[in-house]
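The listed protein sequences correspond, in order, to chains A and B.
Start counting the first sequence at 1; every next residue gets the next number (the UniProt record's numbering).
Start counting the second sequence at 1; every next residue gets the next number (the UniProt record's numbering).
Hints may contain errors.
Claimed, not checked - Listed next, the in silico DSSO-like pairs over lysine-lysine satisfying Cα-Cα at most 27 Å (straight line):
#1 B:Lys415 / B:Lys313
#2 A:Lys224 / A:Lys116
#3 A:Lys224 / A:Lys134
#4 A:Lys142 / B:Lys271
#5 A:Lys80 / A:Lys29
#6 A:Lys286 / A:Lys32
#7 A:Lys116 / B:Lys230
#8 B:Lys313 / A:Lys166
#9 A:Lys134 / B:Lys56
#10 A:Lys116 / A:Lys134
#11 B:Lys56 / A:Lys29
In short, the hints are calculated from the structure, not lab data.
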Amino acid sequence: MKKTALFGSVTALALAATGAMAAEGDTLKEVKARGVLNCGVNTGLVGFAAPDANGNWTGFDVAFCKAVAAAVLGDATKVKYVPTTGQTRFTALSSGEIDLLARNSTWTFQRDTDLKLDFIGVNYYDGQGFMVRKDLGVSSAKELDGATICIQTGTTTELNLADYFKANNMTYQPVNIDSNAEGEQQYMAAACDAYTTDASGLAATRAAFADPENHIILPEIISKEPLGPAVRHGDNNWGDIARWTLYALLAAEEYGVTSANIDELAKSSQNPEVQRLLGSSDDLGKMLGLDAEWAKRAIKAQGNYGEIFAATIGEQTPIGLARGLNAQWTQGGLMYAMPFR
Amino acid sequence: MVDYPGAASPPFRLSMLIYDRRYRSLTIQAVVFIGVMLLASWLIDNTLRNLAIMGKTLSFDFLFRRAGYDIPQQLIPYTSDDTHLRATIVGLLNTLQVSILGCISATVVGVVVGVLRLSNNWLIARLMTVYVEVFRNIPLLLWILVILAIFTETMPPPNAYRGENPAASMVMFDMIAPTNRYTAVPSIGMSNPPGVIALGREGISWALIAYAVVLAAAYVAHRLLRKRAKRIQDATGRRPSTLWISLALYLVPVALLTWYFGLHLVPPVLKGFNFAEGLNLDNAFVVLWLALTLYTGAFIAEIVRAGIMSVSKGQTEAAYALGLRPRRTMSLVVLPQALRVIIPPLISQYLNLTKNSSLAIAVGYMDLRGTLGGTTLNQTGREMEAMVLMMGIYLLLSLIISGGMNVFNSRVKLKER
C-alpha cells in the first residue's frame, strides 16, 4: 500500500516533468498551432488583472497579454487567462502551463538565474508599501513596531518585510496569507494592523474597498519592485517577441501613435521610425517570425502604453496611480523603448 | 506431475516456467517485479532528464542558504537570518505540535462521544449522533475555514480593548483576552527564578527540571504505596485507603516548589498594537487544532462505538451479575476488550490527522507544508527537492506513528497461549 502511494507520487512528479518537456520546444510554433495564448495573470487584483462584472478579464497586465496575442495570433481575444497565486506562478510558467507570465512579478537576480526565467522588461516600476486604517493613528512605517502585518506568502515582499524590520530594529507578527483576496478579508476584519504589498497593489486593493477614504498608504517605500512580464529561459525567439511587443507599446506612446490614429499614421507618417514600427517600411516582423503588421495590431488592441495605463490604473480610474517613475523618459520617467531599426 | 514425498523431480525444462504450477507463480512474480522496476526507473530517468533540460539539477544546497523570511509560530528560536534547514525544522516541529495535541484531544473527544452515543439517555445519544454525522460528512477544509471565519469575524481586534470605555473587555478576572488574532492568556512568572541551563540557543529553566524531578519522585513513591496496599490486601483481604497519602505525595512538594520560586500569573497587557507580557495563543494554531480535533474525533467516536458493540452483551451481563456498577463494567470489562477492535483503525485515524495537518496553509499556520513546501520552495524555486524531502518526512512520520501504535496494539491484543 505504502509502495503504491510512493509510486503514485513518483508518477505524478514525472508526469509534471513530462509536461515541461513538451513546453521546451518552440513556444511561438506551439501558440500558433494552439491558436490561443496561455497567459498567467493575478488571481484578482483590480486594475492589473481581474474579471469584470461580465467575467471578462481586464487590467494593466491583461492588456499586455492581449497585445502579445494580437501580435502573434492577429486576434487580441485569443487569450486564455490562467489565474496564478504568488506560490504557483513560476511553476506554472516553467512547467509549460502558461506561455507568458504577466502578473506583477518582481524582476530579481535569483528569479532570472536560478528559477530559469527571462524577464523581458519592466512594465511597472513599483516599490513595497504599507496600508493601514486611518483610525490607527499611524503616519509612518517606522511606527509599526510590534504590529501584526498581513503578507502574501511566497513573494519578494515577504523577504523585504523581514529585512526592513530587522534593519530598523523593530519587531512584527506576520500573518501569512495565500492570495490578495484573503489578505483583504483579514485586513478588513482587523486581524492585521497593516497590509503590505507593492504600492500599486495596495492602491488597487484600496480602490475595491467600500470605504477607501478610511485607509491610508504610508509614505515609506521599502524596496525596489520592478514588475515585468516573464517567459521561460531558453526560448530566445519567444522572449524577443514578448520584449519587443512591450517596446512597441512604449515606442508608440513616445511617437504619439495611439489606437485612434494608428491606421492613419501607418499610411501617412513621414517618421521613418514610426514607419518601421508599423510595418510600412522594412519588415521587422519577419525577423521575429511574425508578419509586418505585428506591432500595429499589438498597439491597436488596447492602445499604447500610456493609453493602457490611463485606462486601467491611471489617475482617472478608482485606483488613481500617477505615472511617476513610469512616465516616458522624455517626461522624466524610466520608460525607454529601444530603437526600432 | 509427481507429487509424493521422496519422488525424484523430473529434469527442469524451460516450458515448466509456464506450465508447471510450482514455477508458474515464481515466473509471474519475476515478470511483475521486473515490470515495476522498469517503470520506476523510466519515471525517475525521465524526471531527471527533463530537469536537466530545464537546466535544473537535483541539489539540496538551498537548505543551507539564508532563509530570509519570518515564521509567526516557532517552538525553537528562529530569525530570518537562519537557514532554510532550520526553517524546515521549525515547520516540522509545528506539524508535530498540532498533530500530537490533535491526536490526544481527538482521542478524548472520540472516546467520550463514542461512549455517550451508546448512552440510554435519548437526548444525549441523539446529540452525539448529530455531531458525528455533521463533522464526518463535511470536508475538513470547510470546517477549518468556517472556524477561522468565526474566530476572525466575531472576536474583537486587540485595539477594541483600548481606552476608557473599551468596546471589548477581558474575561475570567481580566486574565484572558480573546481577539481575532490570538487569545491572550496569562503567562507564568517567577519572582525568585532559579536560572536556566543554556542548550545552544534554547534554554531550559531549572524550575522546570525541579518540577520534573519532584513529580517523578512522587510517582515512584505512589507506586510503592500502592504495592504495599496490594500486599496488605492480599494478606488480610482489607485494602488500606491510599487516596489522601497519594494526593499529598503529589501536591505538597509541588506547592512547596511553587511557593519557593514565587510562581504567579502575569496577565496580558495591551502594549502598542498587541497584547504583551502574557502568552498569545495564535488563532491559526487554535483553529487548526480545533478543526482537526472535532473532525477526527467524529471518526474516532464511531470506531469506539464499534469497538464497544463488538463486545458481546453476555460480558456486560456477567459483570452486572458479579455486582459491578455500570461505570466499572465499562472501564474494567468492556473497554479493555473493545481496545482490541479499536486500536487498528485508530492508527489510521492518527495517520490521517497528521497528514491532514498540512491543510494548515489555509489558516496561515506555518507547518512543514508552509515552510519547506511553501515559502522555501517558492523563494528557492526548488520544487522537486522540496517536494521529495517533504514527502519523505511525512512518510517517515507516518511510519513512526504506525510502528509505535503497532507495538501498543500487540500489547493489548488477545494473547494466545
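- Message: Which constraints among the numbered hints does this structure fail? Numbers only, ascending.
- Response: 7, 8, 9, 10
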